[in-house]
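Each chain, written out:
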Amino acid sequence: MAAPLALVLVVAVTVRAALFRSSLAEFISERVEVVSPLSSWKRVVEGLSLLDLGVSPYSGAVFHETPLIIYLFHFLIDYAELVFMITDALTAIALYFAIQDFNKVVFKKQKLLLELDQYAPDVAELIRTPMEMRYIPLKVALFYLLNPYTILSCVAKSTCAINNTLIAFFILTTIKAAVHTCENEEQGLLDLFLGVCHDVCGKPSGNRLPLLLPSQLLGFHPRSLWLYCWVSPDFKLSCAVKEGLSVPDLTPNIGLFWYFFAEMFEHFSLFFVCVFQINVFFYTIPLAIKLKEHPIFFMFIQIAIIAIFKSYPTVGDVALYMAFFPVWNHLYRFLRNIFVLTCIIIVCSLLFPVLWHLWIYAGSANSNFFYAITLTFNVGQILLISDYFYAFLRREYYLTHGLYLTAKDGTEAMLVLK
Amino acid sequence: MGLLSDPVRRRALARLVLRLNAPLCVLSYVAGIAWFLALVFPPLTQRTYMSENAMGSTMVEEQFAGGDRARAFARDFAAHRKKSGALPVAWLERTMRSVGLEVYTQSFSRKLPFPDETHERYIYWAKDIIFLVTEHDLLGTEAWLEAYHDVNVTGMQSSPLQGRAGAIQAAVALELSSDVVTSLDVAVEGLNGQLPNLDLLNLFQTFCQKGGLLCTLQGKLQPQDWTSLDGPLQGLQTLLLMVLRQASGRPHGSHGLFLRYRVEALTLRGINSFRQYKYDLVAVGKALEGMFRKLNHLLERLHQSFFLYLLPALSRFVSIGLYMPAAGFLLLVLGLKALELWMQLHEAEVGLEEPGGAPGPSVPLPPSQGVGLASLVAPLLISQAMGLALYVLPVLGQHVATQHFPVAEAEAVVLTLLAIYAAGLALPHNTHRVVSTQAPDRGWMALKLVALIYLALQLGCIALTNFSLGFLLATTMVPAAALAKPHGPRTLYAALLVLTSPAATLLGSLFLWRELQEAPLSLAEGWQLFLAALAQGVLEHHTYGALLFPLLSLGLYPCWLLFWNVLFWK
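For the protein sequence lines, the chains are A and B, in the order given. When we follow the working numbering, the leftmost residue of the first sequence carries the number 1, and every step to the right adds one. When we follow the working numbering, the leftmost residue of the second sequence carries the number 1, and every step to the right adds one.
Hint data in this document are derived by calculation from the structure and do not stem from the laboratory. Quantities reported herein were computed from a predicted structural model and do not represent experimental measurements. Worth double-checking, as some hints may not be accurate.
To be verified - Anything over 10 Å on all C-beta distances counts as not near chain B; from chain A, calculated: (1) Ala-25; (2) Glu-266; (3) Phe-271.
Stated by the list, open to error - A few chain A residues that don't get close to chain B, going by computed Cβ distances all over 12 Å: (4) Leu-5; (5) Thr-14; (6) Ser-22; (7) Phe-75; (8) Val-83; (9) Gln-110; (10) Pro-121; (11) Pro-252; (12) Ile-278; (13) Phe-281; (14) Lys-290; (15) Lys-292; (16) Tyr-371.
To be verified - Selected chain A positions facing chain B (Cβ under 8 Å, derived; list incomplete): (17) Phe-339; (18) Cys-343; (19) Val-347; (20) Leu-350; (21) Leu-351; (22) Val-354; (23) Leu-355; (24) Leu-358; (25) Ala-362; (26) Gly-363; (27) Ser-364.
Beta carbons: idealized from backbone N, C-alpha and C, even for Gly.
Looking at chain B on its own, in the form it has when it is part of the complex (with noise of 0.2 Å):
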């Protein structure tokens, strides 16, 4: 209580966050930023190890008898996919019950929101003792999960389910697109950017290494020499790729549609690249039927590993108790700044604790304090509603947009949003004429403390459910926060906000993102990615939930509008 009650140490503190603010949060930015570099360094970063007694301690001799009649059936697949063009599924029937399994089909539609010209065919196998193929991707497993769990997330159609099996413990998803693999890689982000229990990721690893697979994460092996400054430098690489990937909040493969549901789940792709050791099925096959027995020795669920861990590399990880200090350092800033701008507000009474010596101009009683609050009412009220249009036009008026313009569906959401987004930057509004018997000069400060306690709440909720997002999001958007201001430089700070917007941090992660995976962009290039992200990001929101756009139309870009606003304060 001494800090908060004793008058004479409040001063020193008023007098300290006044006097060193700007020092204070340079440094607090840069304690941000160099905090999450140095977590792919040893001591941040720890060895991976299982967790669960039940998978980590028993024998598990792996057999795999089938791999040529898996190579045979594979053939035959391949064959009669081609032959109807789409999924066999009376052969899938035949076939499975020759072998064994008890076989049920499920048929769903789904009124895509605009027509998408990108959607891919897989097959999937995720196995409890479940096998499910599905057709059209994501949205197959949507839909299966949906009716299996009996619940109508995302307005799915389909035909209710026959066969089930009970509370599924463990899916493992398993893309592969040819007969021998050189390496499997694996994929852990889930939609919104939820992570699967590191268990079941230590369990992949553990068959890898016995069964002699070259695994990788983010299509990157495993530095092996963590001591000199190579390895962390690629673990930097990895842990980047996946920051970037866990920020999209897209599910990297059908196992991020799993997660929301509890189902540990995982993806596998088999990559057949130019190297040398080819693997065939076999051992594939015999590292997932490993994998699936210890997953049988489960008694409970996965619980006694991390949920919420960042990867530099297969065997490396960071928990959450020391990553999250980094969004911490960079929300401190929005902090420091919010506590000056107050001070600044009531700067009769700093550094007097009590109306004594000159009762010079009056403290800021509440009648004058309402009226500043009503002049804030317009500009939150305005550019929440520009949010607002933001998230609802682009859907809504696509048809009336493809009958005046010459463009596909698609392309008319995606130009709406960029010209609805691009139409809030001509919007700085006037609301001096409100008040003021007060200095006008008020008004500013105190929209943009209301902006600074906005942006630091939705990043604190961002960064606690998706760290990745809300940590990207801090990075850029924190110091153009901080700087904006009417007086100064004024096109200087204007371009540093137009370059931290919402839409340019979503371009620039996508140039960083493919020179990240050593295969840059060309500008060209990079703006069509980035507008089939933007399309991408819309359908995902209305087929899966993804939040993505709601957050960034809905919560951020109101909240950069006021900063906006800030800036071009008359």
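For reference, chain A alone in the conformation it holds in the complex (with noise of 0.2 Å):
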């Protein structure tokens, strides 16, 4: 497996590289579908040059990110485009593991439950075997590397890319730990929190990632070690986490906060922004209830509400879940709208910048248009994941109760999501 996976990998490096080279580059890092305040490059230059003059960084409005970048970036400012060519190729490598380790796991379980007798007599075809599960970590590779949305991520140095890098090896992690300690109920819920906070706040704390390597390695339980992280007495931090939370910045992007912000009363806004945060987090208990068997279909479903909804998004977070489209291959025959959601969030993508050329650049349009595009790709991207996680259920249901459904009567029963 290793060939094919280095072959991509070069593949990738040599497209990235290129329109590193191009006249695009420039181009494409001011894009605000590709960056967000939050992850912009020119504010990182800005906060380094800012600390090169001794002042602090965040003493303005301008830089919003964790200190982990400040210090990443000090020393390796001048190799900037390859930190972020190597972060892209460690987020598909940690997904290739991550995957592959998910499968072993996975037919573990299904062997388990056919030796228990738990499925339904007729559901052959619905069984996976391991023939068809052998590409899957490539495909997930690949699918991540030659996304377009994380090409342009890299060429953009949106430090959207290191985010992914680290929930990668955080789902890793998560994978590896429960696959040696068996407890991947507790831990993926406890995971997923930990996930939630930290995407929400738009970075990663700056001492997350040496802690959770060791906790694999040890086998230590990561409970103890989110309470530290979260506690940390890092006022620095607390500035990061207040910018992602209280939504100052309205630079029109992807998602649905500017538009609504850039009209409301300073008596009401407040308030919205609850509502709006909200609901990042409101679906995870209700999730974390029902998929409590099933922990990386339940941090995927949570990654992609996360990537829907946060006050910054970006394409760099809708590609992180589209990468794990390919393990959830076998829903396929179940999806019901996959061509039209397909179709919409292609034509969204074109025509973002579109509309925003005729908004700013021809003058012709205003900020309407282009919410209304925002509005429907993120219409897209629910009805998509609502559309993968009424074919997980399905599939399960079938699997307990066989496909071939009769109503009392004896006649042909139809599954019907109320």
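Hints in hand, dock the two standalone chains.
And the structure:
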């Protein structure tokens, strides 16, 4: 498996290097769909130069990254392009190994349930075989690396790529820890809260990564470490957190916040900020209850929900959950609206720059046009995620109740989601 | 959510789409065309009105005392120009200084991609507090604008400007070729189909009415009677002329170049035709002076009125909200066809919400879908490569062509264009060897599905930025694209597809344009005009950044080639 993965990595790095050298790099790094006020490279450079001048980078309203980024780029600023290409490669590798282990777990679990006779007799076509699962890790790496969204994020030097790397390693260590200690349920829930909290704030805290790896190596339970990270008395961290939660910067992006808060009265803004931010957290507990036996699927849905409802989303966040689509390949037959939704997402991705041009450069349109496309894009994403969720539940239902459902009077029955 | 998740309703909808697909497509297409034609009738077309308060209610008493002096200057200028053969810059400088203006000169140069045999020389006066007189037509205006705004969009080399006056609010380009005019013709279409704010046009029309000047749009007077059929028919003629001009994306006058810099601009042409009543420069001067004084009252940029509109007459307009559904109906045809193809490709799932009943031909699982996708990559890449060749080769290869053939460079470019275009016709690609445990028949369906979505995407994006171009291309390409399939009367479909290809659409629109201007072309003249238009298109792309040439060669031509491939699928 190493050779195809290496080939994919080489192709990905070539594409990114070619784009870095072209004249498009500058154009892409200014696109609002790809960079947000939290992840823009220009702001990182601004913060670094403020640091060089001896001023705190957080004293203005421009720099909103975490200290990790400053420390990292203080030394690596000359190799910035290389750093971003390496982070993308690391994300892909982390996802590759994570999904490889996950597939082993899935297959083991399936075998166990088959032996325990938990499945209905006629579901042979729904059972997954090692043959069909063989190429999934490679496809995941491929989907992530060659996704146009990822390439654009990398070329724009958006720090979202670093965020994605940390989440990917997070998932890797979770799965590895779960495989070793067989405590997947508890692990999943807590790690998800961790994930939710750090994603809302836009950036992970500076000291999480070194702590995760030892936890995996030593088999430590991350619960205590989670508390440690969260209550870390770091003044700088709280600035980044405050930025993500209170949404002061209203630069247009592909999210839902900027338009509303641009027209809202000051008096109500706190209330609406709370209402909007609740959306990110709100689905965690119900989903956790429903999906308690499927933590990775839960993680996928949660990452997607965060990518949709967070205050400053970019296409890099979307690319991360899209990388997981090959893992749920077996759900394809149960997806009902995949065609329409794929068309919506492709059309919206193409219309974003067109309407931005019409609004800002030609002056013929206004923000309503751009926000309409934003809304359509987000609605498309939400429908896509709910489609996957429904397909997953249907498959679970069929596995236990059989494919050919009959009603009480013997006629063919239909599964309906109420 | 009901429609998307309720299986009963979905089944009904799927059956509806499959069974009634052809009638729905035809209905949608006809509705689109009919909606467009209905745009000239009163409920959809409204009277224009002044939206900007600062320009509306104030009374302006125009005065233009310099009429005689203007005439004298004009005669002097003509004499000097005849003597020197080019723009008499020194005389201009002296004269303008004597009137009391600050004068600056700027020189510019531009290497054209291939020699242009048709460049014109006119004088343009564009005024905010700036009088701009340029040589070499639009190139001069572009050089000045780029230097003024300190950008370099088109690779022009020019000396830096010494005099500036702040952000330009509005511009009027004046083209006068004689001392007396019978009417003033206004042109609004700009580069890439961009239009100025409607308020500027309203301003012009107000002052023409006040001064009793005759003003025309597209060379035609306004119809007075909108209740009977004559008015709307004439309006339709004017509307079609505007659509054709906007679709070409050419800047019809120097104002077209100002729009890119967010400066609202118009071009006024003095027409001297065979009418009895002639106006002299005093009348024109009064109208202009009134316009500029009203513009003087502006506190902010013109932003109140519409930026996207169509004009059936000078005092009637159709706004974007009312004309967009026409394009929407046409693109709906593509969407319906794509949906039908998708359902046919997955026919085991249609009508059955679950894999219950007969587990017949198994649903296309990811592996076979993956193979299906792989076989599409080859035709897509080849079509796109042809498009790239069409875009890059003509200008690159002109010198090689002139060495081997007895043609001038401009002709070489045009002939190379046509040669590559025709070469694409001989290229149906055979990819069925790649797959096929499944019916090889399915390959063309997948390709057509991708091509339909690609075409719909492109036409949608084009229609948003330049509605006329999008609508025109949709009218011609949509029926051919929807009908293309390997079975059935192949020669008929092939003829239809060739007749609706982008180049044929260009040819057809030229004939239609001259027909509407009541100066019909013969076939030979039309062909010559077509060749000239191709050369102008390439030239304008390289000099001003006009987008028609790259759109057609890099976007629509590869898409059209995909349909050609579908038609000749074996």
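In rising order, the numbers of the hints this structure does not comply with
none
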